[in-house]
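Given the coordinates of chain F, assemble chain P onto it according to the supplied hints.
Protein chains: 2
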Amino acid sequence: MPQNIVIIGAVALGPKAGCHFKRLDPDSRVTMVDRDNLISYGGCGIPYFISGDVSDPDQLQATSFHMLRDEKFFKDTKDIDVITNTEALSIDREKKTVLIRNILNGKEHELSYDKLVLGTGSRPRNLSIPGSDLEGVFSVSDLNKAIAIKEEVTGGKVGEAVIIGAGAIGLEIAESLADLWGIETSVVEVMNQILPGIISPNMAHMAQHHLEENDVSFYLGEKVKRFEGETRIEKVVTDKRTLNADMVIMAAGVTPNSDIAIKAGLEVSSKGTIVVNERLETSDPDIYAGGDCVEITNLITGKPGYWPLGSLANRQGRVIGTNLAGGKAEFEGAVGSFVIKLFEISMASAGLSLESAKKEGFDAVSAFVVQFDRAHFYPEKDLMYLELVVEKGSGRVLGIQGLGNAGEGMMGRISAVAPLLKYKITTEDISNLELPYSPPFSSAMDILNALGNTAENILAGKNRVIEAAEFSDWWEKRHKGDMLCLDCREWGNAGPFVEKYPEHWKSIPQGELRTRLAEVPKDKKLVLICNTGVRSYEAQITLDQMGIKDSYNLQGGMAAVKKWGLFSEF
Amino acid sequence: MPQNIVIIGAVALGPKAGCHFKRLDPDSRVTMVDRDNLISYGGCGIPYFISGDVSDPDQLQATSFHMLRDEKFFKDTKDIDVITNTEALSIDREKKTVLIRNILNGKEHELSYDKLVLGTGSRPRNLSIPGSDLEGVFSVSDLNKAIAIKEEVTGGKVGEAVIIGAGAIGLEIAESLADLWGIETSVVEVMNQILPGIISPNMAHMAQHHLEENDVSFYLGEKVKRFEGETRIEKVVTDKRTLNADMVIMAAGVTPNSDIAIKAGLEVSSKGTIVVNERLETSDPDIYAGGDCVEITNLITGKPGYWPLGSLANRQGRVIGTNLAGGKAEFEGAVGSFVIKLFEISMASAGLSLESAKKEGFDAVSAFVVQFDRAHFYPEKDLMYLELVVEKGSGRVLGIQGLGNAGEGMMGRISAVAPLLKYKITTEDISNLELPYSPPFSSAMDILNALGNTAENILAGKNRVIEAAEFSDWWEKRHKGDMLCLDCREWGNAGPFVEKYPEHWKSIPQGELRTRLAEVPKDKKLVLICNTGVRSYEAQITLDQMGIKDSYNLQGGMAAVKKWGLFSEF
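Chains F and P, in that order, give the protein sequences. Each residue of the first sequence is one higher than the last, beginning at 1227 in the working numbering. Each residue of the second sequence is one higher than the last, beginning at 1227 in the working numbering.
Bound-form chain F, shown alone (with noise of 0.2 Å):
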């Protein structure tokens, strides 16, 4: 029997829930609503078209064979309607009607539905900082705010821009205003790192590092106090200095619209989220909702996930676009993962990260490798960064992350691991994961292999680690003299930071430690130093073997430290 859906929301899920309803059932009717002028854009494309990177914001909103996804399209080409303009205010539950207004005219209306569709996602979270409303001070929540953003841009009024959050979306935004339009771009977090809470403090500093050499600065751990200026913004005043500003962009995250959700009397979180099943409907099973205004299932944890992102409104769209026609599809929930480009490199994470799983209380532990992303004998090639996080005791692989510094290996290889988080798999399954192999695209031994490897060296006690976050630590601190570098390559390369640093570097190769072990002194702490950590690995085995216990292996070797900002001079 023909039904008559209803969908307030027609950026992302809106669109997705009702085409796929209307390809299984083309005899219903659909109604889309939404408060906007411009839908179903590429929210995320909003930092690419600020950049210049796409010129058009109608390409946003375009299909990939070039029709603008607008009311007229929608009818013709997918038979829905699409009301535009116009805010939902409430839905009567029992009447089953849903009460909209016009913006433009004032004029309410009464919208009656068989099942109702919430596609209502996020807006950015509210800092409450003083001057928010001033000229100058934007968020980026829609494609209105983006073509605002961009015309002050273009229009050469911005030379110092602000950004407030160094997650994803802030980054994003800085790069394209660094990079394309020569703007002085600071980003302000309050954490004391970029991407908290997604990437490593060890990882994130390398990302950083690479945006600071590209001319992005950053002042972590710092809060903004307040905006200050006439009627346009000209200062960020934080909690330790003052920035000069033609322009700030809230990058703060986000908070789920679930208004109308709570005023109809349906579930929602203490987090503001509404609650849906796995099927995606709410409390009332009438009414379906997906995308930024709900929280699904962590598949790593079993707890409610959060993660407004596109990728994931487009899947649950079809799986509610194929319940409203009565099939029994689900969605079981995310391990979370993530990409981004940030100049020449790239990042990339599934699941947890080690602080995220240590403060969900696994007892984690952290393998971080450096390897080529192809066989190291074909000629073009590229280091890659990899970490991995796993649970200790049961070897359970939590969360995997990248740096990549060219294409799209190293998000290759998060993309073969992501979807396997939730089988609960092991170090042992990453040391045998099986991926196509060939020298133009990868090693014999995969970068991933070695990375389950190693892990399962950590884990058993036989691979005694330090990361470049730490070893930076230790060397600031090495004045104390009780640590050696112990470098384990050939003396091209271990020579100059002997000559450098006598006291507290040593070069023994690790083809002759066996035979010069005399001179390894045994009353300092060592850390054994290799180009990626792989024979210095091989030199705590032999230190090991012969009774000399107290080494540490650098993980990820000189590549580690010099990706980390450490011995640029060499």
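These are computed hints drawn from the structure, not numbers from a lab. One or more of the hints may lead you astray.
Since copy identity is lost for identical chains, a pair holds within one copy or between any two.
In silico DSSO-like cross-links for lysine-lysine, where the CA-CA straight-line distance does not exceed 27 Å [claimed, not checked]: (1) K1298 with K1688; (2) K1750 with K1529; (3) K1497 with K1584; (4) K1748 with K1301; (5) K1688 with K1301.
Then chain P, alone, in the frame of chain F:
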């Protein structure tokens, strides 16, 4: 208690097993024996050495830190003894000794072992073609043979080359010769497609078309009868033609080296592979085997599988190393995965192709999708082609294959599915597959998710499809008059086809179909066409709704048929 380990074969599995074991048990003794003088090299790099991408054979034998993995390297850095130029003649399992003979001086010697490892590898399949002993007829079975081939090529001796076998190595060598040395290169293959058994005929034809555009010629479905020449190869005679040749390279697959195992009474399969359990023990628990000389479990079919790949050999080597040291590691098997670079494209697969699946008794069907590798609004992007093989009824995913124009995006998609196949995932898992998302890397609805959706629609009978290969057949027979191409694109795309083929091509843009339904002929089989198969699917639903059911959606649309080689004039 220290053990005495002997390893026969020192290319991939042997060194990995030996080195890993020594790290776990440094006080034990490891001796590796190899018949060759060159050991521990990356055999998969041979095509890149022949092409000149890798300039020196030493590079294939070097570590990533540029040390040559020769006898001295293994002694100094790994504390492993290597005996080269020495073949293993026989095993005395009672006495636990191996009889070896130095190939250079003929001297024989007995090595005693506590545990023995067989990493004897494989040799080129012998096709017994008359004239195989002519000068200039080569195989690529080891590094010394590769050096000989390259000497001929760089010496200017080769104007025309014929490669026997269109498997991965044959095609990689074909690219090497044609691309970097400008040699007129032909490939003769007894089967009717390139990459038989690995890639579907449809996608294999796309790759062949690309190779042909790069001046490689193919003679498929032809059997080589003999090689002719005085002392050096001059002609290759097949059952259909005679080809001139200054060089022939045999690349018709490999045969496991199991003679020594057979002689020792170990269990060997009818195919000549050494039989091992999941711990990689042979029928004698004191003898392990792995790599190209063993068969493992095909995790899709549950039957034995044979994949002579360096990547599997390395991972198996580690498992053997662990078990030698008293550990309990297992190698459960593989699904079979593959990737190849061919000029500007790459192809990859995991699991079964449609044809292999049918041969294995599965009632299988495939879905084919073409989509951008990145967000369609992102400036740098390219089309990607993926095929998913699924079992009817259960919806179980049996395999996946892909073709990418550039970069590693396609490889990343296949890598995301390969490790999942053993979990018996279904189309729904692919539809909901969680991958990191950001516009420079993917679409919000990634091509993999779209592929899962399409497979689901096909299984549900909602998307009735033909693929490029089938369409090419229909198109050739179009003059029978029972078929009409209904182009669902706008006139700008459809017009040139309608003008050139007015009797066989009609244009009704998908958005106008509802209002122009009267124009659709009801007496012909309709092929619905758009750029990639998305709009034509929408059109099919509309036609179905209106009672016009004899329509077929061209999977992958014009993008697929053009890649296949049709309509290159447009």
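Do the hints match the structure? See the list:
For the identical chains of this complex, K1298 and K1688 are inter-copy neighbours only, at 26 Å across copies versus 65 Å inside a copy, given an alpha-carbon limit of 27 Å. Within a single copy, K1750 and K1529 get their C-alpha atoms no closer than 45 Å, and across copies no closer than 56 Å, so neither meets the 27 Å cut-off. Taking the closest pair of Cα atoms, K1497 and K1584 come within 27 Å of each other only inside a single copy of the chain (22 Å); across copies the shortest separation is 51 Å, beyond that limit. Taking CA atoms no more than 27 Å apart as the test, K1748 paired with K1301 passes between copies only; the shortest distance there is 25 Å, against 79 Å inside one copy.
When the C-alpha separation of K1688 and K1301 is checked against a cutoff of 27 Å, the pair qualifies only between copies, where the shortest distance is 22 Å, while the shortest distance within a copy is 64 Å.
When held up to the earlier numbered hints, the structure conflicts with hint 2 and nothing else.
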